[in-house]
Amino acid sequence: MTAPSPSRPHTAVVIGASAGAVQALLATLPALPADFSLPILVVVHVPPDRDNALASLLQAKCALTVKEAEDKEPIAAGTIYFAPADYHLLVEAGGTLALSTDEPVNYSRPSIDVLLESAADAYGDGLVGLVLTGANHDGAAGLKAIHDAGGIAIVQDPTDAYAAVMPQAALDACPAATTMNLDAIASYLSSLGSA
Amino acid sequence: MAEAVEDLEIQLLLEALFQRYHYDFRHYARASIKRRLIQARIQLGFSTISSMQDRVLHDPAMLPRLLDYLTVQVSEMFRDPSYFRALREKVLPHLSTYPSLKVWIAGSSTGEEVYSLAILFKEEGLYDRTIFYATDINPEALAAAQAGVYALDRIRKFTENHQKSGGRSSLSDYYTAAYGRAVFDKSLKENVVFSDHSLVTDAVFAEMHLISCRNVMIYFDRPLQDRAIGLFRDSLARKGFLGLGSKESLRFSSHAKGFSEFVGGEKIYQRREA
Ligand SMILES: C[S@@+](CC[C@H](N)C(=O)[O-])C[C@H]1O[C@@H](n2cnc3c(N)ncnc32)[C@H](O)[C@@H]1O
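Chains A and B, in that order, are what the protein sequence lines are.
For the first sequence, the tail end lands on 276 under our numbering, and the numbers increase by one without skipping.
For the second sequence, the tail end lands on 445 under our numbering, and the numbers increase by one without skipping.
Please keep in mind that the hints were generated in silico from the structure rather than gathered at the bench.
Do not take every clue at face value.
[Said to hold, decoys possible] Going by beta-carbon spacing under 7 Å, a handful of chain A positions derived as facing chain B:
id, residue
1, 152
2, 153
3, 171
4, 179
5, 218
[To be verified] Straight-line Cα separation of at most 20 Å, SDA-like style, residue types lysine to any residue; simulated pairs:
id, chain 1, residue 1, chain 2, residue 2
6, A, 153, B, 395
7, B, 328, A, 267
8, A, 153, B, 328
9, A, 153, B, 422
10, A, 153, B, 423
11, A, 148, B, 420
12, B, 328, A, 166
13, A, 153, B, 204
14, A, 148, B, 437
15, A, 153, B, 424
16, A, 153, B, 398
17, A, 153, B, 352
We put the CB at the ideal spot given by N, CA and C, even for glycine.
Chain A with its partners taken away, still in its complex shape:
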């Protein structure tokens, strides 16, 4: 495993996680320093009528601002945004967030693919995308889109993941992705934002 080149400037980080997400995010996001300079956009599969308790849970543990993404909200540096339950989260080319009630994708709303693909489109080679633990195939096409647009694709090592199916599917779709365990992801992310 070779760590992706740390020298190029990055503009945003996108993360997708499903089964086992809470633990995986708790192992990575709280490690980020208060001066972390990139926005982080996160899709976690949650049941449609559950309000996003995850954002408040992480806010208590993170040095960065953690919030639920709002429609048409300008994306701010050093902020962690979560997709609200039952809405897709997308990135607009001008650097704002958008929500939509489009059909579920991969049986999921929010869908990781929808976020990753729109972010790949908006950010191109400045994007870092991560697919973490999960028991479905969401995120695979999105990670490939990030790679194809010149961004950096990272997958949680399936053997390290609570549920291996999703990271494995991402790896199958995007074999060029770098695999890392959660510890490595935490330190890699920290290194990104302290430019």
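Fit chain B with the ligand to the known structure of chain A by using the hints.
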């Protein structure tokens, strides 16, 4: 580079649709439109967006097929039950003081929201004095709304939502099940007028007491949202109510001052009088 060309093609297609057919999607939230147009291109078998544009310009029969991608027909009865509960408990008591009522469901899609409100008004004893205007830009959605027929496997969720909204009756009182479909009662649409109306290109409706426009403005960019909200303000009667989708708000609108929050958490606003 190929990316940039596709963005240009989308821009041109939206311009073409406006000039040829007067459907104006030019100021819709672009990321979602782009996603759906690429899906349309693939599923309808075109190699480029430009070739799809060529076809729709010369073949009007292509328009409805494209509209199915450009507009999002995702709905549910009593979607976000707490919204309907707030209407029931907080708004309808106000409305009950009027001898006659007008309600506008803007972007009514395939009708789920219309039947939800009709049932709510029946349960609260206000249906008979109310006229409902259900509007949308998608003719097929309007036709489906008018038919009021839904797949039976969706009814379970509808019933659950209806209960959570504080429903006083059983949803099954309002439909008959046959051949895997639930056909909603004709009496629910007696007072409903279905019509084609665009929040982007059409004018005001007069003297509404309640406007419910949910999950439509989320597809608009900011200036377009502003236009729609101005339209709503002008269409409302004094102290009329406006209900939006759970992730929509007036916060960024230049018309924000024209409304006060009535049930903030549910995005229910009241027209403020100067
Ligand atoms: C996601 S659906 C919302 C359905 C329903 N209001 C709900 O919340 O369940 C969005 C609807 O808005 C309609 N729509 C899109 N643009 C419109 C416009 N300019 N004017 C009126 N309706 C529009 C679409 O055709 C679609 O039926």
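Hint check:
For residue 152/A, the interface hint holds, since its Cβ comes within 7 Å of a Cβ in chain B; the closest pair sits about 5 Å apart. Annotation: interface hint on residue 153/A holds; nearest CB of chain B at approximately 6 Å, less than 7 Å. The interface hint given for residue 171/A is met, as the beta carbon of that residue sits about 4 Å from the closest beta carbon of chain B, less than 7 Å. A least Cβ separation of about 5 Å between residue 179/A and chain B falls short of the 7 Å threshold, and the interface hint therefore holds.
For residue 218/A, the interface hint is violated, the least distance from its beta-carbon to any beta-carbon of chain B being 18 Å, above 7 Å. Restraint check: the Cα-Cα separation between residue 153/A and residue 395/B comes to about 12 Å, which is no more than 20 Å; the hinted pair holds. Taken as a hint, the residue 328/B and residue 267/A pair is broken in the structure, with Cα atoms around 40 Å apart against an allowance of 20 Å. Of the supplied pair hints, the one linking residue 153/A and residue 328/B is violated, its CA atoms being roughly 30 Å apart against a limit of 20 Å.
Restraint check: the Cα-Cα separation between residue 153/A and residue 422/B comes to about 11 Å, which is no more than 20 Å; the hinted pair holds. Annotation: proposed proximity of residue 153/A to residue 423/B holds, straight-line Cα distance about 9 Å (limit 20 Å). The straight-line distance between the Cα atoms of residue 148/A and residue 420/B is roughly 17 Å, inside the 20 Å bound, and the hint therefore holds. With a C-alpha separation of about 17 Å, the suggested pair residue 328/B and residue 166/A falls inside the 20 Å cut-off, and the hint holds.
The suggested pairing of residue 153/A with residue 204/B holds, with an alpha-carbon distance near 15 Å, which does not exceed 20 Å. Using a Cα cut-off of 20 Å, the hinted pair residue 148/A and residue 437/B holds, with the two alpha carbons roughly 19 Å apart. Note on residue 153/A and residue 424/B: the hinted pairing holds, with a Cα-Cα distance of about 12 Å set against a maximum of 20 Å. Of the pairs offered as hints, the one joining residue 153/A and residue 398/B holds, with about 16 Å between alpha carbons and a cut-off of 20 Å not exceeded.
Between the alpha carbons of residue 153/A and residue 352/B the distance comes to roughly 38 Å, so the proposed pair goes past 20 Å and is violated.
Violation of the numbered hints given earlier is confined to hints 5, 7, 8, 17; the remaining hints are satisfied by the structure.
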